[in-house]
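J.: Fit chain X to the given chain C structure using the hints.
Residues per chain, in single letters:
Protein chains: 2
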Amino acid sequence: MNAKISFDRLREFIACAFSKLGMPDGDARIVAALMAEADLQGSDGHGVIRLPQYARRIRAGGVNLSPQIKVVRERAGMALLDGDNGMGHLVMRRAALMAVEKARNTGIAWVGSQFSNHAGPASLYARMALPHDMIGLYFAVGNANHLPPWGGLDMLLSTNPIAVAVPAGEEAAVVLDMATTVAAYGKVKAKAQRGELMPEGWMMDREGKPLLDPKRAEEGFLLPIGGYKGYGLSLIVGILAGTLNGAAMGREVIDFNHDDASVTNTGQAVCMIDIDAWGDSAGFKTRIDTLVRELRDSRRMPGVERIWMPGEQSRIKREDYAREGIPLAPALLESLDKLAGELGISRLLA
Amino acid sequence: MNAKISFDRLREFIACAFSKLGMPDGDARIVAALMAEADLQGSDGHGVIRLPQYARRIRAGGVNLSPQIKVVRERAGMALLDGDNGMGHLVMRRAALMAVEKARNTGIAWVGSQFSNHAGPASLYARMALPHDMIGLYFAVGNANHLPPWGGLDMLLSTNPIAVAVPAGEEAAVVLDMATTVAAYGKVKAKAQRGELMPEGWMMDREGKPLLDPKRAEEGFLLPIGGYKGYGLSLIVGILAGTLNGAAMGREVIDFNHDDASVTNTGQAVCMIDIDAWGDSAGFKTRIDTLVRELRDSRRMPGVERIWMPGEQSRIKREDYAREGIPLAPALLESLDKLAGELGISRLLA
Numbered sequence: 003m004n005a006k007i008s009f010d011r012l013r014e015f016i017a018c019a020f021s022k023l024g025m026p027d028g029d030a031r032i033v034a035a036l037m038a039e040a041d042l043q044g045s046d047g048h049g050v051i052r053l054p055q056y057a058r059r060i061r062a063g064g065v066n067l068s069p070q071i072k073v074v075r076e077r078a079g080m081a082l083l084d085g086d087n088g089m090g091h092l093v094m095r096r097a098a099l100m101a102v103e104k105a106r107n108t109g110i111a112w113v114g115s116q117f118s119n120h121a122g123p124a125s126l127y128a129r130m131a132l133p134h135d136m137i138g139l140y141f142a143v144g145n146a147n148h149l150p151p152w153g154g155l156d157m158l159l160s161t162n163p164i165a166v167a168v169p170a171g172e173e174a175a176v177v178l179d180m181a182t183t184v185a186a187y188g189k190v191k192a193k194a195q196r197g198e199l200m201p202e203g204w205m206m207d208r209e210g211k212p213l214l215d216p217k218r219a220e221e222g223f224l225l226p227i228g229g230y231k232g233y234g235l236s237l238i239v240g241i242l243a244g245t246l247n248g249a250a251m252g253r254e255v256i257d258f259n260h261d262d263a264s265v266t267n268t269g270q271a272v273c274m275i276d277i278d279a280w281g282d283s284a285g286f287k288t289r290i291d292t293l294v295r296e297l298r299d300s301r302r303m304p305g306v307e308r309i310w311m312p313g314e315q316s317r318i319k320r321e322d323y324a325r326e327g328i329p330l331a332p333a334l335l336e337s338l339d340k341l342a343g344e345l346g347i348s349r350l351l352a
Numbered sequence: 003m004n005a006k007i008s009f010d011r012l013r014e015f016i017a018c019a020f021s022k023l024g025m026p027d028g029d030a031r032i033v034a035a036l037m038a039e040a041d042l043q044g045s046d047g048h049g050v051i052r053l054p055q056y057a058r059r060i061r062a063g064g065v066n067l068s069p070q071i072k073v074v075r076e077r078a079g080m081a082l083l084d085g086d087n088g089m090g091h092l093v094m095r096r097a098a099l100m101a102v103e104k105a106r107n108t109g110i111a112w113v114g115s116q117f118s119n120h121a122g123p124a125s126l127y128a129r130m131a132l133p134h135d136m137i138g139l140y141f142a143v144g145n146a147n148h149l150p151p152w153g154g155l156d157m158l159l160s161t162n163p164i165a166v167a168v169p170a171g172e173e174a175a176v177v178l179d180m181a182t183t184v185a186a187y188g189k190v191k192a193k194a195q196r197g198e199l200m201p202e203g204w205m206m207d208r209e210g211k212p213l214l215d216p217k218r219a220e221e222g223f224l225l226p227i228g229g230y231k232g233y234g235l236s237l238i239v240g241i242l243a244g245t246l247n248g249a250a251m252g253r254e255v256i257d258f259n260h261d262d263a264s265v266t267n268t269g270q271a272v273c274m275i276d277i278d279a280w281g282d283s284a285g286f287k288t289r290i291d292t293l294v295r296e297l298r299d300s301r302r303m304p305g306v307e308r309i310w311m312p313g314e315q316s317r318i319k320r321e322d323y324a325r326e327g328i329p330l331a332p333a334l335l336e337s338l339d340k341l342a343g344e345l346g347i348s349r350l351l352a
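Line by line, the protein sequences are chains C and X.
Using our numbering, you'd call the opening residue of the first sequence number 3 and step up by one each time.
Using our numbering, you'd call the opening residue of the second sequence number 3 and step up by one each time.
The shape of chain C in the complex, shown without the other chains:
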């Protein structure tokens, strides 16, 4: 039976934990709000479930709690931020806000990061475009390599995600948030926890045969979407988010699941497109409404009850969870209780 927690309580708990860990209160509140928002939209592999890991890394000295985030390169349409090894949420929130400001003038702006860290779900930062009637794009180098080059055995690439958020008028925004692998590694871990097998196509073993047992995940690799195409896409996302920014890519990527102390030099990038530069955003949003309805109203294959837009299931979760509370599995709640005990703060559920 899952417990249900309000967004406000979850955010408060996370902020309190970070404060106790030594993070300045203002920063703790910002990171907590973004992590709780991840859970609110159902990105549960990237929300509060990461708190024990972040705490471990902070205690190991792997994160700078008082980063001086600096602009190291800048032009009218771009900036490169040095995150000073701070929490990725702080770095990428600043990057997104900066890109919005720049895009107002130039029509499009791109802000990348070096020396950032894991920042939660990609869609959080792409979505920051929406209140400004902009389209947001986000690219990141994942924080552990699980993917070899196509045909290879050495895990040199990560699940390098892409997110794109597009505002609509009466319809909900279209929000794509996808790893360039068939399954994100978090989904494999969830299958293992539940004692289930993986479907064919998620992973393969070192002989190229399907790997179905998630407990054997370390013996194989994630599969890229579309075979060699997803390999290429993961590589390109890694170049745009990592290599271009002077951040880690390829062999340089630190596996932050197994290493709490090394500086990850995580690279991410956000790009904002000011729709008004192309004409008028109201007209654009009406055209998106029309497109969404055309797709949704398509005739369906046998057995298909509904055609989903990218991001629509997250939006429904956001509405449901805001009303009814965010469900947290017993094992997660237990690990958060343990952390609360260690930190001497109130448990999530009083």
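Please keep in mind that the hints were generated in silico from the structure rather than gathered at the bench.
25 Å max Cα-Cα, derived DMTMM-like pairs, lysine to aspartate or glutamate:
hint, chain 1, residue 1, chain 2, residue 2
1, X, K217, X, E198
2, C, K287, X, E76
3, X, K211, C, E202
4, C, K193, C, D339
5, C, K211, X, D299
6, X, K191, X, E254
7, C, K211, X, E307
8, X, K211, C, E307
9, C, K189, C, E336
10, X, K72, C, D278
11, X, K211, C, D299
12, C, K72, X, D282
13, C, K211, C, E221
Chain X side only, calculated, beta carbon under 10 Å to chain C, not exhaustive:
hint, residue
14, A181
15, P226
16, W280
17, R289
18, T292
19, E296
20, D299
We put the beta carbon where it would ideally sit given N, CA and C, even for glycine.
T.: Chain X alone, transformed into the frame defined by chain C:
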């Protein structure tokens, strides 16, 4: 037995055909060079094989031979071009050159098109970044819908391709050029011509079952890469290249294989990233060299002889074909001879 044609002769033949069809000589030379370049790099579904179709469309009045390509919107980092229903090659070449100029100042620039037309392989325009030490991105709405929304039956989306070109130092540039479907529609047509079956995963029928016979292609759909992920990616590419530009998307897309006369209002977009804005392009290219070598030198799966970089096979073809000539299949040569006869120009092979 394939005939082999030099790049120069192929370009001359195409330019001559367009001139005879009424295209101004300068434009004919530009389009011919880009089409011949497509064949030279092995993008043989998008090169001279399209000439008979383009000729048919020109004669049907479906293309404006004297377009006034206009900038309809502009800011420091962006422009929107109205292609005036001219050949897409002319519109997107202009877009790419304009984006390069703008990116020199702003660091990144994005130029989109409306009222453009089919422009050949996506990589042609992304690659225009390379001589300027820039990264080039290209997005396009395909010119025929072959993809329903995930779970749907109505073909509302196209193969909407993405191309990205990244300069390297001593290594060849990394060039990704991919449809968001597992197979491009041209590959299905090629299988049908050769009387071969398609592998499972390329297409499905209206019940969701694998479709293997390419002669039955009209009874089914192309499959997106990664299932619902590729559906989302195709939709997003279509929004960026089509909807944002006020170009055709969804139901508005004209199937240019079956309709020679209607204005297609094709939308495309090119984005140029000036690497020097991020630091120094020489250092970047060295880092790409290192990354390419790491990937190439990965241990390999049993039976795999070589690990390929995106774009590497095209580069090898470009070198081979420049030396030995471009191979053209007998059926293609026959269709070009027929066209030459109709136009009263010399055949490709004297």
